[in-house]
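J.: Each chain is listed here by its residues.
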Amino acid sequence: MNYLVIVIGAILVNNIVLMQFLGICPFLGVSKRLSTAVGMAGAVAFVMVLATIVTYLIQVFILDAFGLAFLQTIAFILVIASLVQLVEIILKKVSPALYQALGIFLPLITTNCAILGVAILTIQKEFNLVEGVIFAVSNAIGFGLALLLFAGIREHLDLQSVPKGLKGTPIALITAGILAMAFMGFSGLV
Amino acid sequence: MNQWKNFSKGFIKENPVFVLLLGMCPTLGVTSSAINGLGMGLATTFVLLMSNIVVSLIKSQIPDKVRIPSFIVIIAAFVTVVQLVMQAYVPELYKSLGLFIPLIVVNCIVLGRAEAFASKNNLVTAAVDGLGIGLGFTFALVLLGGIRELLGSGKLFDIIIYSENYVTLLFVLAPGAFIVLGYLIAIINRIKKD
Numbered sequence: 002m003n004y005l006v007i008v009i010g011a012i013l014v015n016n017i018v019l020m021q022f023l024g025i026c027p028f029l030g031v032s033k034r035l036s037t038a039v040g041m042a043g044a045v046a047f048v049m050v051l052a053t054i055v056t057y058l059i060q061v062f063i064l065d066a067f068g069l070a071f072l073q074t075i076a077f078i079l080v081i082a083s084l085v086q087l088v089e090i091i092l093k094k095v096s097p098a099l100y101q102a103l104g105i106f107l108p109l110i111t112t113n114c115a116i117l118g119v120a121i122l123t124i125q126k127e128f129n130l131v132e133g134v135i136f137a138v139s140n141a142i143g144f145g146l147a148l149l150l151f152a153g154i155r156e157h158l159d160l161q162s163v164p165k166g167l168k169g170t171p172i173a174l175i176t177a178g179i180l181a182m183a184f185m186g187f188s189g190l191v
Numbered sequence: 002m003n004q005w006k007n008f009s010k011g012f013i014k015e016n017p018v019f020v021l022l023l024g025m026c027p028t029l030g031v032t033s034s035a036i037n038g039l040g041m042g043l044a045t046t047f048v049l050l051m052s053n054i055v056v057s058l059i060k061s062q063i064p065d066k067v068r069i070p071s072f073i074v075i076i077a078a079f080v081t082v083v084q085l086v087m088q089a090y091v092p093e094l095y096k097s098l099g100l101f102i103p104l105i106v107v108n109c110i111v112l113g114r115a116e117a118f119a120s121k122n123n124l125v126t127a128a129v130d131g132l133g134i135g136l137g138f139t140f141a142l143v144l145l146g147g148i149r150e151l152l153g154s155g156k157l158f159d160i161i162i163y164s165e166n167y168v169t170l171l172f173v174l175a176p177g178a179f180i181v182l183g184y185l186i187a188i189i190n191r192i193k194k195d
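From first to last, the protein sequence lines are chains C and G. Using our numbering, you'd call the opening residue of the first sequence number 2 and step up by one each time. Using our numbering, you'd call the opening residue of the second sequence number 2 and step up by one each time.
Simulated from the structure, these hints should not be mistaken for lab results. Hints should not be assumed to be uniformly reliable.
What the hints assert, rightly or not - What the simulated footprint calls covered on chain C by chain G, stretch by stretch (three residues with Cβ under 8 Å from a Cβ of chain G suffice, anywhere in the stretch; the number is not a length): (1) 18–28; (2) 52–61; (3) 64–76; (4) 106–115.
Claimed, not checked - In silico DSSO-like cross-links for lysine-lysine, where the CA-CA straight-line distance does not exceed 27 Å: (5) Lys121(G) with Lys168(C); (6) Lys10(G) with Lys165(C); (7) Lys60(G) with Lys165(C); (8) Lys60(G) with Lys156(G).
Even for Gly, the Cβ is constructed at its ideal location relative to N, Cα and C.
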């Protein structure tokens with residue numbers, strides 16, 4: 002039951018993009034076409050889960066064990082940055098097809114605040130490892146959901162006649178606002 | 002380069018939020034009131050100024066291949082400083098900004114200025130640039146926070162402007178952030194054209 006609360010809470014109620022404002026840059030940047038949005042969502046999901054596991058282990062076995070909690074920010078960002086590089090190198094060797102699909106998105110992920118945000122939130126909420134992994138997977142699904150919905154809407158938006166001043170980013174932001182309004186309907190679910 | 006021009010470009014012409022569309026997460030996440038916007042803006046300005054200064058000082062020592070990781074470590078160090086100082090002296094503001102303080106590390110504005118500007122310019126120019134862009138960011142956050150606070154809770158900097166009975170709560174909630182920023186960018190685009 003506890004796990005179900007985490008899942009629904011992360012995907013719908015506190016959607017990472019639309020309610021918590023993490024990962025807005027890729028949300029606005031790569032949502033112009035549905036196909037690139039799928040690639041980005043996949044890459045983020047992959048790195049998010051991996052990064053949460055690794056940063057969790059580092060927090061418990063290194064930072065907490067030696068009383069270095071104040072180094073959290075530096076340690077996590079370095080781990081995530083090197084992890085992204087590592088994933089890129091391994092993918093290139095092991096699965097060129099997957100690398101082709103996710104490759105160009107991987108370098109962008111280092112500065113995606115959703116990854117670092119979820120890693121820090123997992124520690125702040127005092128989850129154990131299993132809960133942390135479920136939390137990361139749910140947030141990745143939530144990110145993918147918001148990104149794909151938004152990309153689908155934006156593809157249609159291109160075909161509409163938008164007032165001149167609102168073309169481009171302004172109308173995209175207002176659309177995201179309306180999407181966030183729809184997600185507010187889920188509040189109180191958990 | 003003219004230092005005043007270098008300083009003032011951050012406000013409208015190269016405003017990181019309205020024009021360059023960088024640092025969107027804190028922009029949308031913390032601007033439910035003008036005070037929060039101001040706090041976040043000043044914290045980011047400090048990190049931006051210090052990282053620009055340090056990057057510009059040691060730019061010749063950093064090997065080209067590892068410059069991005071080095072920049073990130075420098076930025077993360079100053080973010081930790083801000084985190085500890087805020088926790089000690091303004092714990093309430095620290096609490097309401099929450100997760101977004103450590104996330105200054107991944108704010109694309111800071112890394113962007115280090116990479117695009119500070120690593121190519123001398124100390125004074127880099128410092129002025131950091132200060133200008135940082136205050137431009139603060140300006141954007143206070144503007145956005147002020148509008149949302151005024152429409153959503155009838156206050157401005159915590160001073161009551163009109164009765165709570167007439168407020169539109171939506172503006173302090175998540176959707177309000179997107180919608181207000183959308184219209185603000187449209188207005189700035191219009192101003193820039195003239």
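J.: Return the numbers of the hints above that this structure violates; sort them in rising order.
T.: Hints 2, 5, 7 and 8 not satisfied by this model.
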